[in-house]
Amino acid sequence: MSLQRAFAIAASGLTAQRTRMESVASNLANARTTRTPEGGPYRRQAPIFVSQPLTNNFDDMLGSSLRAVRVDSVATETMPPILRYEPGHPDADESGFVAYPNVDPVREMIDMLSATRSYEANVTVVRGVREMSGAALEILT
Amino acid sequence: MNEILRINPVEIGELTSRAPRPPSTSGSFGEVLADAIRSVDGLQHESEAAQSQWAAGEPVDLHDVLIKIEEADLAFRTMMEVRNKLVDAYREVMRMGSGG
Amino acid sequence: MKTILPNDGTLAVLRTTLHQASVRAAVAASNMANVDTPGYRATEARFPELAPGALPGVRLDRTDSEHFGPSEDGPEALITEGPITRMRTDGNTVDVDLEMTRFASVQGRYKAASQMVRKRFALMRYAVEGMK
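Residue numbers (the working numbering), protein chains in the order written: chain A, 1 to 141; chain B, 1 to 100; chain C, 1 to 132.
Keep in mind the hints are simulated off the structure, nothing from the lab.
Here a beta-carbon is modelled for each residue, glycine too, at the ideal position from N, C-alpha and C.
If a hint is listed, it holds; no wrong ones were tucked in.
Quick list of simulated restraints, FRET-style, between CB atoms: (1) C/Ala104 with A/Phe58: 28 to 34 angstroms; (2) C/Glu76 with A/Thr141: 27 to 33 angstroms; (3) A/Pro87 with C/Ile84: 51 to 57 angstroms.
Residues from chain B shown here face chain C by an in silico Cβ test under 8 angstroms; the list is partial: (4) Ala36; (5) Ser39; (6) Val40; (7) Asp61; (8) His63; (9) Ile67; (10) Glu70; (11) Glu71; (12) Leu74; (13) Arg77; (14) Thr78; (15) Met79.
Residues of chain C placed beyond 10 angstroms of chain A at every Cβ, according to the derived structure: (16) Glu49; (17) Arg86; (18) Ala127.
Full structure from sequences and hints, please.
Listed below in structure tokens is the structure:
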């Protein structure tokens with residue numbers, strides 16, 4: 001059962017890291033979005049990861065000790081927007097400032113690399129567990 | 001035939017060492033064989049139970065299921081070999097009897 | 001009641017190895033899945049040492065249904081916080097390179113032990129049936 005558990009945990013990691021990648025993609029795509037349905041400029045999205053026991057059944061000592069990862073929510077950052085003086089811009093305020101999203105492309109790229117690396121780590125686990133199951137199957141003669 | 005029944009089951013006695021019980025020196029071939037068959041049956045049941053549990057997604061390790069399958073298979077083959085040897089021995093004795 | 005099969009200490013050791021490797025793989029998976037979870041502490045699996053001379057995996061009579069193993073897999077794992085080899089500002093202590101190395105190592109052990117179990121059964125079958 002431990003191997004199936006490793007699969008389940010790695011799957012939770014893959015889902016979490018993919019959510020993170022989607023946030024990065026959203027942040028980069030909207031780095032200059034000044035208009036949103038909620039009003040005001042786009043605000044940076046960041047997923048909140050929490051670890052949770054694989055099972056809440058405390059009779060299952062191993063299952064309740066192992067931790068999967070879950071995306072609790074995708075938080076909208078409250079950092080103040082960056083104001084640029086562009087009086088000609090249709091979204092400029094009365095003093096001529098336009099509020100741009102507080103998205104730093106360099107930070108997003110670093111986040112993307114980190115998410116890719118973590119995603120790969122979980123892929124390695126999935127591959128490894130698959131190989132281990134294959135080895136177990138060879139016990140049958 | 002009574003002579004055969006009184007022979008001590010030396011080889012099978014060694015095979016029974018897995019179970020924590022006093023060595024039975026008085027067991028007849030019949031008893032030993034019945035024990036062996038019960039043991040094979042028990043292992044088959046264990047193997048089947050493990051397979052059902054695994055198929056139902058219960059917390060069992062894959063290697064444990066596969067090892068139980070192999071154990072049941074090996075026990076069955078062992079029993080068949082013992083049976084074959086017994087049948088051979090019986091035929092041999094019968095042949096000696098009729099051949100004079 | 002396995003009276004027809006010999007009491008195979010080697011097989012018992014291999015079963016324990018398989019079990020412990022799969023638990024360690026799950027623990028490494030857990031740590032790698034939580035590599036970006038703030039405040040997550042990396043864990044490790046510990047297995048109680050067996051009494052000297054005791055064979056792992058030998059079935060003991062369970063005198064009380066509330067008792068946990070020792071099962072055929074050997075002693076139960078204890079999952080504890082491991083030593084901290086690196087700590088990030090968010091309080092996460094997972095060292096992903098260490099976990100990768102550990103995972104590769106237990107994967108190798110698991111595969112090797114499976115092969116040994118396979119060979120063990122082949123040998124026992126040969127002992128029973130001879131060359132056929």
